[in-house]
Amino acid sequence: YKRQEYMGFKSLLRNEDNNSLKVTPMSGVVNPQSKVPIEITFAPNLEKAFNYNLLCNINRKGRPLNLNIKGVGYVLKHEVYIDTAKFPIQPKEPNTLDYGDFFINEKKSKTITLVNQGEFNFDFVWKRKANSYLAIVPESGNVKKGSKTTVELSYFPTAPHKLANHRCTLSIISGPTYEFLMNGSARKPVSYTHLTLPTNREV
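All residue numbers for the sequence shown refer to the numbering used here, where the first residue is 78 and numbers rise by one.
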């Protein structure tokens, strides 16, 4: 534009849908030979399909600009289990994984199962501090709707080692985060040396 122009958005939405869409700014002035970014945020509060029509009125322009926006709001319906537990864990409290005390060069594993009970696939990712004696397989992935995925958390020390509340997290993308505290220790096996002494005989 070669002159200042006023613009303003008008939302053609029902009241219950207005809370799901945010336009910033809703109005403003565009200076000559410049542009103004418009940020549109979609944050659905209902599990449904949304279809928005936004009108942008610009001074001295015969017709408003029409912007159609579509999106789907859904709820992540999932559960997370440790090993063969009957009840799922909760995201608001830490979960302890105890590997016990064992010898070096042995391997202990815990299994985390992610169950998708919803109508949409979801992604997950693990985060942890570096430790050469720990492995998480897979560290990220996708759980299809109506299916489940198993993750193995392994502890395999090759030298004496103690694992004390080693923290790792499981994040469900666009969902909750689960915290795990890993504990365990590995030691060398005890070696016994048998010494046979000669027996003195009298002649």
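Be a bit skeptical, because a hint or two may be false.
[To be verified] Listed below are the simulated DMTMM-like cross-link pairs for lysine to aspartate or glutamate, each with C-alpha atoms no more than 25 angstroms apart in a straight line:
id, residue 1, residue 2
1, Lys239, Glu256
2, Lys265, Asp178
3, Lys225, Glu256
4, Lys225, Asp175
5, Lys138, Asp175
6, Lys185, Glu196
Since the hints were derived computationally from the structure, they do not count as laboratory data.
Do the hints match the structure? See the list:
no.	hint	result
1	Lys239 to Glu256	20 angstroms, holds
2	Lys265 to Asp178	11 angstroms, holds
3	Lys225 to Glu256	19 angstroms, holds
4	Lys225 to Asp175	24 angstroms, holds
5	Lys138 to Asp175	69 angstroms, violated
6	Lys185 to Glu196	35 angstroms, violated
Of the numbered hints stated above, those contradicted by the structure are hints 5, 6, listed in ascending order.
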